[in-house]
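Asker: In order, the protein sequences belong to chains A and B.
The first sequence runs 1 to 867 under UniProt numbering.
The second sequence runs 1 to 867 under UniProt numbering.
Worth flagging that the hints you see were computed from the coordinates, not collected in a lab.
Don't take each hint at face value.
It does not matter which identical chain is used: a pair holds within one copy or between any two.
What the hints assert, rightly or not - Listed below are the simulated SDA-like cross-link pairs for lysine to any residue, each with C-alpha atoms no more than 25 Å apart in a straight line:
1) LYS529 with ASN145
2) LYS835 with ASN743
3) LYS55 with ARG719
4) LYS342 with GLY508
5) LYS481 with ARG651
2 protein chains.
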Amino acid sequence: MKFVYFFGCGFADGNASMKSELGGKGANLAEMTSLKLPVPAGFTISTKVCLDYIKGAGTFSPELKAEVESAMKKTEEAMGARFADSLNPLLVSVRSGARVSMPGMMDTVLNLGLNPTTAEALAKKTSNPRFAYDSYRRFIQMYSNVVKELETHYMEDAFDSLKKQKGYLEDTDLNADDLKELIETFKLIYKKHIGEAFPDDPYEQLWTAIGAVFKSWNCSRAKKYREIHSIPNEWGTAVNVCSMVYGNMGENSGTGVCFTRDPSTGENVFYGEYLINAQGEDVVAGIRTPKTLLLLEKDMPEVFVQLEEVRSKLERHYRDVQDIEFTIQEGKLYLLQTRNAKRTTQAALKIAIDFAKEGTITKQEALLRVNPQDLDKLLHPTLDPRAHKQVIAKGLPASPGAVSGRAVFTAVEAESWAARGEMVVLVRDETSPEDIGGMYASQGFLTARGGMTSHAAVVARQMGKCCVAGCSSLNISLSNKSVKVAGIEILEGDWITLDGSTGEVMLGKVETKNAELSSDFATYMGWAKEYRKLKVRANADTPRDAQYARSFGAEGIGLCRTEHMFFDENRLPVVRQMILSKNRAERKEALDKLLPFQRDDFVGILSAMEGFEVTIRLLDPPLHEFLPHTDKDMMTLSNQLGFSADEIKQRVKALYEANPMLGHRGCRLGISHPEIYEMQVKAIVEAVEKCRSQGKKVFPEIMIPLVGEAEELRWLKDRLIKIAPQIPFGTMIEVPRAALTANKIAKHADFFSFGTNDLTQTTYGFSRDDSAPFLRVYKQENILTEDPFAVLDQEGVGQLVKLACELGRSINSNLKLGICGEHGGEPSSVKFCHKIGLNYVSCSPFRIPIAMLAAAQEAVVDFKETA
Amino acid sequence: MKFVYFFGCGFADGNASMKSELGGKGANLAEMTSLKLPVPAGFTISTKVCLDYIKGAGTFSPELKAEVESAMKKTEEAMGARFADSLNPLLVSVRSGARVSMPGMMDTVLNLGLNPTTAEALAKKTSNPRFAYDSYRRFIQMYSNVVKELETHYMEDAFDSLKKQKGYLEDTDLNADDLKELIETFKLIYKKHIGEAFPDDPYEQLWTAIGAVFKSWNCSRAKKYREIHSIPNEWGTAVNVCSMVYGNMGENSGTGVCFTRDPSTGENVFYGEYLINAQGEDVVAGIRTPKTLLLLEKDMPEVFVQLEEVRSKLERHYRDVQDIEFTIQEGKLYLLQTRNAKRTTQAALKIAIDFAKEGTITKQEALLRVNPQDLDKLLHPTLDPRAHKQVIAKGLPASPGAVSGRAVFTAVEAESWAARGEMVVLVRDETSPEDIGGMYASQGFLTARGGMTSHAAVVARQMGKCCVAGCSSLNISLSNKSVKVAGIEILEGDWITLDGSTGEVMLGKVETKNAELSSDFATYMGWAKEYRKLKVRANADTPRDAQYARSFGAEGIGLCRTEHMFFDENRLPVVRQMILSKNRAERKEALDKLLPFQRDDFVGILSAMEGFEVTIRLLDPPLHEFLPHTDKDMMTLSNQLGFSADEIKQRVKALYEANPMLGHRGCRLGISHPEIYEMQVKAIVEAVEKCRSQGKKVFPEIMIPLVGEAEELRWLKDRLIKIAPQIPFGTMIEVPRAALTANKIAKHADFFSFGTNDLTQTTYGFSRDDSAPFLRVYKQENILTEDPFAVLDQEGVGQLVKLACELGRSINSNLKLGICGEHGGEPSSVKFCHKIGLNYVSCSPFRIPIAMLAAAQEAVVDFKETA
């Protein structure tokens, strides 16, 4: 087994494909070397060594030592200098480099190999003692801090007191002798705190530094970073030992960073910054203001031409925009790193499209170049990154976007403030369907309870509004009209700001930027549509939402929830009359009044989606959701409808449920109160007739919710098909038993739609409204890595979905299969849906582009794999 | 295909094994004929004809007509008379006969074949005109009512007015001429209401009667009966056409019913009743008081000897106690029917044991002779069948037994009335764990809400108390201390009676009989234990319940719920203090106070179950269940513990859950509050040490509830095994995801226990507390034939159980598998558990005999099938 990979003089042991062994930096240094680009020679120690070192006793094997010595010999030959030599010493940097970039997370030591002898030799060789001793003192500082974890302030204080003592103003005022004095002081500080002398032996320095870099893989900030970015602990880091080159050796030296295209806009311009007579840290640290790259053409015309060649060579070679670090040492260009450039979503789109148009990559490859989730950023307002923000709480990032508004605590207040032209944010313990009017009137919602698929979250995503949910540190008092959080009290009317992409809640009004959609976006979506196999529908309940969805490219509606139509203020009293009816005849009378409303809703939605299928789900929630809960509201209702308050109370009590999620709802309600579904189906039939009389082609599908037993569907379909003989019937698969008995259910269904929200609730036994507190702990403890309400649990819930598809299609090969849970707009879940062969996914309108791109990516990958 | 089966003169086309074609009665008539027993000749029309007749146009095929005519010819020959003959007429009865007995559900016509000519011939032949015309008028009445659905009162009124007109007191005062007059009146009534003349043609009478019997299979009372007794509609009924014989032809004639053993006690005595000079209906109708069979020895010594021979011949032949109908016509014995006798459970036990001891059947067969569910009746008090009862409501029969008590409406009142020596029945909307003290003090519970596995039902079965649950017609007012139902108001202290085996609620005190266990019971249970493969454990939470369970034969505890220990009035304040703690240190302090209580509980339970395994489930319910809910109770708690009422309210609000069933409970609580489980495990370890120091052999097992993801179990086990390194750890499989990922979970588990209550809830998405209203409709509409909380749903929930067993054992072949849901005591579910290879079932103590017998039966059947 090979541990060490040399690179230098146009020859390298490794290459760009070996990121898992060499890390990203090491692999690319090897690749650039083989491309005959000017890379200072050096070698990479494999990530395998890191894991052994961490697991083992922290020692290095003789085999490794031999390989390092041999690689060091080659490096010395390439650079014409010798490590630890007293006349012509080679100095090196020791840097970490993991498979993926983890910027600033792990350790680096520069100028390694200096001691009194080599420093003196360096001074002589460069005829620049100040440079030599400045490098030496920097090395001691860095080594002490990085390798020995000495806090930086001890040496910084010594530096400052020397400056003071000498009466200097600038660091650069120190001369070589001052620096020699400082080095002695640093060594005393080192000995005092570390308990041993600062090592003079360059090899001792080297091995200790290598060990420190490996250990830094497990430092707490690196661990945290991996947790956030889902990077496996088992990857480890490589160590790169590179010959030092210096950008700070005078006016013909310099250092810089460049991008082969503009990473903010994606424009095809050479973009970057550099500093003359400086080291890399100076660019990063921002102490001096760097110059824009284009000025280099004047400063160092030859180097600039060389760099332009590097630019086009690397971009062609890597077929992607590169982020390049370079140093110029006394007029000679050295490349220290190249990697695929991080970019904004806007730039990513433009670059992918331009590359494809230029013929560098195929359209399919272009589709793989943008993270679907990132498209969200293009569709919603975002916080101005320069604005000051005071974060007072953090909840779940339930629906993206950033908004500011005045806090209100009831839906009614939201509506009345909004009517006065105010921007409001609705703050609630949790929202309920009754709040829908106030939710429309608000800019965003903030809730103390509930998870990623709580009512507030689902409605927000569907409306394209911002939502922060499950923010448990809020202490809301409805009577005081206030919320206390983090020791601050926010009153009704106070400004707050939400960032629905991070879950942050901020005090006051923070500036936001609006979303603007480019023509690139349309082009890119067009390509996605061309390659994806899955159709993408929207979840939409109103003509407005349906139009919105269509403008984002929806190809039908996968879930139209009819209950949302029941909460309208004109209809709610009639709905309540229906519920309070003492017998079927009275109930029918109330339902007759509701029919025209429902019919008109359906006409609107079907018309907005003309030419596409619209899946209409019959009434789902339990009846008690429509009744008032407070004594006051019951009194009002009593006056309104002429039922006694006692009767109303009695009915509310009789309908009370301990676990409404598992209660008398969905098809259970449809079976115990068949007249409700009969009215709804009649309204659909009448709506179709009206649309067709206007020459519109409309395609409704009727969906029966919550079926768990084939007989439920058969019983209802037998009744309803008499009213609507021409319309397809199907069911939601949203309880485990439906999936387990899907072969029986499929006998009576034209389609299945997977309601993965409820299926996740029942498969895990997690209430979406109550799970936030323990899901938080589960993520902390790594018991679950993802929130199963946001990302489909392929192992458990997905297993049931797959089983149901197989069982269903085994009976009815024409069975249409779709998903209408929140997962329909989440990339990894959409990809799973492609894999198991669904016909479509359905998601909230704003997620359609995400779903479309994810579907296209999986189709492209699929095509590649089978090809 | 054969439609008609003749029997007569020692020869029969059919036999006893052909019940599905011939019905029970027809098959046994054939069998008795072949046994050379004196059966009047006749024939049976197959059940297949019934189904064709009902489905078809209600006509008969020429093939059938030909077969009937041929069978009639053979019957005529056997009886030496001819159907429709004007000199020597044969008369027949036309009777239904399904595969299983459905007493009184379908139709019968006697004396068929009479018309003016044959009646006169019969009068001459018997020299008994009164008999002939009485038979004729009876035939007209029966035919009109049964075949033509004419209401009986028209002819009864005519009969009465004739008696009045003639000045007669008794029916028998009418002479032949009176009867002739009556017959003419009957025919006029018939013509007036039916619109046609009464048919004189015997063949017309025959075919119309046959059709009527077939149609009666679908009359509403027969349908209802089948629904209740789970008899498939597709079985259909046969029709038996038998030669009439008459027990009413004088003092040397008679009719009776006899049992080969006493069906009440099972004693081996010849038991029965008869009437001289009477027809079968007279015995059934109860107008005359029949004589005990033993007197027949004096009345008709020869017949009695003959009957004794029949008794032993039939019992030997059928290897079971027979219920025999006989008629003696002028000194000659005829057998009209034999069937296995219905018997009491007590008798069933005795008969099975006696038969086995006599060598008539094997022990294994004896074990199949008692319905396991019936054993319940032996263990609980029952209503005195002779007592008058006024049923005012009906709920679910949630826990068997019958009790009377004074109504109380809170647990506190229950305790205080009981302390005064009163018998009380606790009447609640639903019970909660807080009520446990009051529940112990009550005779039984009546609830308005909740199903077969509601809290009240589960606790009742475990305590062996009577419970009627989900009685939705109750309207309970806590403020008035009263309940209104069926227009009656019951106040606190009023007597009511519950029958937990039927779900009936009665006004006042109805006499009950106590249960007494015979030595037969012990013998039979011993045999069951000998043959069963499944072990039977009990669900028990207290030393008292554990002892109880042991006395019923429990072989360990499968579910010991530790939360029940938290509700004790000494402990609840400490539990509440723990929940209200502001930090982990305070919480630990409270937990330290709870530890000795828990340890002592465990010492008691482990000691009571010495030598057997005891599976202890760590805390399961969400914390809010332990907190008070009313303002008043919160104030009391505030004074008790020194927390402000506001703090308590705040905490109650923070812990509120929309769906507690799917909330922050089970292992989720264990993970977010690890100190709770740590305390419990410490208590178990200390209890084991104490028991062992007393020389007791105890075997606890620690069960982690509600695991759905292997990491949950791993995380907790890693922590807890440090405290209890010697004790086996396992989990409940009670959410679908646990079953679906059982292979991963099994890596960390020594055992699985299927919590089929919760698994049923989550697989169906049914809340056990809220499903009663729609489950009622589902049963009515035949959407579900059984309550899945009472009878394991093998298709859905069972599929998951089976899958989890297979996945679990594929990883760990030593994995111990059991079930601890309510289904563990239900016979069909126990049989399923045997089939899929579980190691044990665990059920409430009173169900142990049921489970043991069901397990033995399935083992016997299994053995037979493989042999």
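Asker: Would you mind marking each hint as holding or not holding in the structure?
Answerer: Verification of the hints:
When the C-alpha separation of LYS529 and ASN145 is checked against a cutoff of 25 Å, the pair qualifies neither within a copy, at 53 Å, nor between copies, at 74 Å. With identical chains, the CA atoms of LYS835 and ASN743 are at most 25 Å apart both within one copy (20 Å) and between copies (24 Å). Taking CA atoms no more than 25 Å apart as the test, LYS55 paired with ARG719 passes between copies only; the shortest distance there is 22 Å, against 67 Å inside one copy. Within a single copy, LYS342 and GLY508 get their C-alpha atoms no closer than 32 Å, and across copies no closer than 82 Å, so neither meets the 25 Å cut-off.
When the C-alpha separation of LYS481 and ARG651 is checked against a cutoff of 25 Å, the pair qualifies only between copies, where the shortest distance is 19 Å, while the shortest distance within a copy is 30 Å.
Taken one by one, the earlier hints fail for this structure at numbers 1 and 4, listed in ascending order.
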